[in-house]
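Enquirer: So the protein lines, in turn, are chains A, B and C. Letter by letter, the first sequence follows residues 0 to 302 of numbering that gives the first Met the number 0. Letter by letter, the second sequence follows residues 0 to 422 of numbering that gives the first Met the number 0. Letter by letter, the third sequence follows residues 0 to 280 of numbering that gives the first Met the number 0.
Certain hints may be false.
[Said to hold, decoys possible] Restricting the straight-line Cα-Cα distance to at most 30 Å, the calculated cross-link-like pairs of lysine-lysine (DSS-like) are: (1) C:273 to B:81; (2) A:236 to B:47; (3) B:166 to A:183.
[Claimed, not checked] Listing some non-contacts, in silico: residues in chain B with all C-beta distances to chain C over 12 Å: (4) 117; (5) 248; (6) 407.
[Said to hold, decoys possible] According to the in silico footprint, chain A covers these stretches of chain B (three or more CB under 8 Å from chain A): (7) 41–55; (8) 72–81; (9) 179–192; (10) 217–231; (11) 285–298; (12) 308–315.
Just so you know, these hints were derived from the structure itself, not from any lab. Using N, Cα and C, we set each Cβ at its ideal position, and we do this for glycine too.
One letter stands for each residue in the lines below.
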Amino acid sequence: MRFGWKSVVLAAAGCLAGAGCGSKLPVNVSPDLAVATSLRTSLEGAGGEGGGEETAPAAEAATPTGWATLSGVFKVAGDRPAAAILTVDKDQGVCAPGGRQVLSQEYVIGPDGGLANVLVFVSQKLPDDEPWTHPDSKPGKADEVIFDQKECVFLTRLLALQSSQPIRIKNSDPVGHNTSLKPKKNPAYDQTIPSNSAGIYQPKAEEDQPFPVACAIHPWMKAYMITRRNSYFAVTKADGSFEIPNLPAGVELEFRVWQERTNFMQEVTVNGSSEKWAKGRFKRTLTANETMNLEVQVPGSLF
Amino acid sequence: MRTESIRSRLSHWTVRDAMAAGLLLAFAAGCGSPQAEFRGNLVYVKRKEIEGQTSFTRPQSADMANILAAYFGTPDDPHLPKVPGVDMGPLVDIERVKMSAGKVASDKTGQPQGLYREHCVHCHGITGDGLGPTAAFLNPYPRDYRMGRFKFKSTVKGQRPTHDDLKKILHDGVAGTAMPSFKVLDQDEVESLVHYVKYLSLRGEVERRLADEVVELDEGERLVLDASEKEGNAEAFNGKIARLNEIVAEVVQPWLEADGLAVPIEQRSAGWDDPEAMAKSVARGRELFYGSIANCVKCHGDSALGDGQINDYDDWTKELEPAKPQALSQYLALGALDPRNIRPRNLRLGIYRGGRRPIDLYWRIANGIDGTPMPAVPMKTPENEKGLTPDDIWSIVDYVRSLPYESLSKQDRQLPQMTRERL
Amino acid sequence: MGRFWSLLFLSVPILGTLAFVLAIAGVGPFRDHWLPENVNDYGGVIDQLFMFILYLTGVIFIGTGVALFWFMWKYDAEKNAKPAVYMHGSHALEIVWSVLPAATLLFIAIYQMNAWADQKMRRPVAEAGPDGIEGTEDDVLQAPIVEVTGRQFEWRIRYAGKDNVIGTPDDVHGVNDLHLPVNEDVVIQIKSMDVLHSFFLPHVRVKQDVVPGMKQFVWFHGNKSGIYDIVCAELCGWGHYKMRGKMTLESREKFDAWLAEQYAEQERSGFQPKTGADEND
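Pulled out of the complex, with its shape left as it was, chain A reads as follows (with noise of 0.2 Å):
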């Protein structure tokens, strides 16, 4: 009987032995075999014909009825938050002339709130030819992009460009300057880019989003691109304002809105109305002819 008691016990800790490992991780999400098997008859059997629809641009019920232009002003409301200032803990004789202070422009904020680089375009996949897109704003520019770097900052903090355009990458610093682009479709750049020479840089795709472009030797210089195919895109100026000529009317179009700081934009104020762009989305119907006119307030509290 002893032997019993004892082995109650025993088998106890034996089972909490086997069952009972406290995983301190935190919970995976276990597929679903059954599940993942008949996804894999799908993805295995039927992918072939939907594919070429999906990746051509759909025709649209609508056609367009002309040009239109959308034009607008980005503004900062309320609180306006102070630039960082950046640590600059090399070549300071060049990079901080004087021992001034170099700020962040994660944002730039103008005295009456505007606010720069800020990125509309037209994120829907057009077809590249009238009506749908106007000769101006064709895909296919060949003209070289200059991006230029001064005093360990890059002279475009954002640079929008169409796919098929070259980027000279320049330095006008008496000091070298390594330039790294971290794109997600294009082909990745990381060069040392010697004082006063440039290295050229041949983007291929469209990306969906910008990405960061950096120089490892002075951690703080940073700056943006995105590559687009056609011209439907503009960055927002000095003043917060921003066009985007010749785009079709009469059609339904889907834009999207980046900045550095608060990514897709997402609530913002247009024209006196609260709005939601989820995830940086909003559409908008032009007449032909018409320059629509988007008024749009950020909230100071993204910053």
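Dock chains B and C against the given chain A, drawing on the hints supplied.
Expert: Just chains B and C now, kept in the frame of chain A:
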């Protein structure tokens, strides 16, 4: 009466019984051996959630796990995606993957099984996330394969490694890290492990792309439709399936191309190994090292001790946004390891992680090192007069290779010898 | 129970003898169980010492087992009515069982001195010193041909190269794959990069702990070409089990050719990708 009997029973517990019970209890409290399972990339999902100011719903996360299981199977039963228009053949072989998958065992012919779990898993983890049980104790941390990026390879920064690049790492190990050499393993076993690493990389990359995709979904939308919703909805159903296959194709494509992208290096002309030519080349290399074109000195430091730039991070760590303590603490809670700065290599140690052959160093300099701040040097082209020529790179290689033998101070370090050895 | 216990104790010397005989004969479950083949000219003495101590302890072990059995059998309480006798001890017996082991131990100590010195102290001499007599203080000791550095969890290897000096640019580096010439004295310099390891070459009877911060030498004279094991014989961490290497003993010409080939690969200064239709592996 009752107390007495219990006491008498307890008195029969011997020391050995108590030890056995104690061990079992300790085991229960500590660790058992749960079923091997791929873990979701929770850190990346969290990052996407923060960036997109959203949060993944349970069905969305379940979809990700199910899609991955559909494409890649489970650790015990791996599978390779069969995507229309993509031939995985030249890249990964399922039979070789299977040899490394599953539990450690051997079949009737003595063919080993479960090689990954035998040799790799304790550092690199079941999922290839570099989060095995020993990972936290290592410096540098083991590689997380899920970005599909590897540091020491013959292709240009940003491209995938070739098959031979991965194999070399298994063969020679990574000197100066905890990655040992697996040279004494059978060639077949090494080959199988290379395939398994690629398999885990592809899986990890697809997982990340799925997370990217989920962020873009509308509220309540999912990556796939349930089979029950297919009826009358075939176009939407197939559209989603096609999109997933497109993602896999996009992930596989650069891997397929990589084998042809190894950067060729023109055989160095003869005569450079004569001491005089070498001394000249080393001097030229030194000049370039400190010059503003190659700019090595900026990071590797004035004495090449790797102390020029010590507060940067590698790309795997940058994912944890170490500059944002609030985000970082969330990632750490999900199991990420404490971020550490990446140190430029101390070139005086004579330890070369990616290999010591001149061509290895040439690739590092000409291609840059993926996942790290090390850039490629600019090459001389018609547009870029200031760039370097291959001979310039060879000179930097020569200089770097001479550094361990150039004494910084004049003292020779003397190791204590066994004194009686001369008896 | 009766004499059950004494019989149980009898099984100890019986099984012990069986294991001993089977192992020496190399049959049954004890095949290849004993020491691996010795391929070191200097290793024989180690084996002799080992076998001597084994026989000695084996005889004592079996004798003790038999004596235990015999006493238990003979003086089993159920069969013996005679009461136990107490005595004050025997000087003669005590002297016998003190002096015998002492003499044995002393014998082993003296017997092994030379073996120890040969293995650990008398490094092969390259040439006699200025006095022209080998075996004196000023002898020039043979330089190590290779340095093996233990590190968690592999053996890093560094050949002295053409100039025969370790630590110069012409060194040949490797890992886990040690090649050495056969039929000549070989000196290996051993070090550790991190923790205590033990450099163990079972086939040449070389086993030496490597201590971080300390440089030591081991040597042997291989006499049979082949591929042998390198293992770590000191628990050095969780990956101790995988700290395996292989040692290839080969003729001097083959060794020199191999080393030259390794050096050429190490100095490789050109790369052309494989072209065309070559297979994946």
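Enquirer: All the hints need checking, so say for each whether the structure fits it.
Expert: A quick look at each hint next to the structure:
1. C:273 to B:81: At roughly 27 Å apart (the allowed maximum being 30 Å), residue 81 of chain B and residue 273 of chain C satisfy the hint.
2. A:236 to B:47: holds, 28 Å
3. B:166 to A:183: holds, 27 Å
4. 117: Given that some Cβ of chain C is not farther than 12 Å from that of residue 117 of chain B, nearest at about 9 Å, it is violated.
5. 248: holds, 20 Å
6. 407: holds, 16 Å
7. 41–55: Check passed, 5 qualifying residues.
8. 72–81: holds (count 4)
9. 179–192: Violated - the segment 179–192 of chain B has 0 residues with a Cβ nearer than 8 Å to chain A, which falls short of three.
10. 217–231: As far as the segment 217–231 of chain B goes, the hint holds, because 4 residues have Cβ atoms under 8 Å from chain A.
11. 285–298: Result for this restraint: holds, n = 6.
12. 308–315: Since 4 is at least three, the answer is holds.
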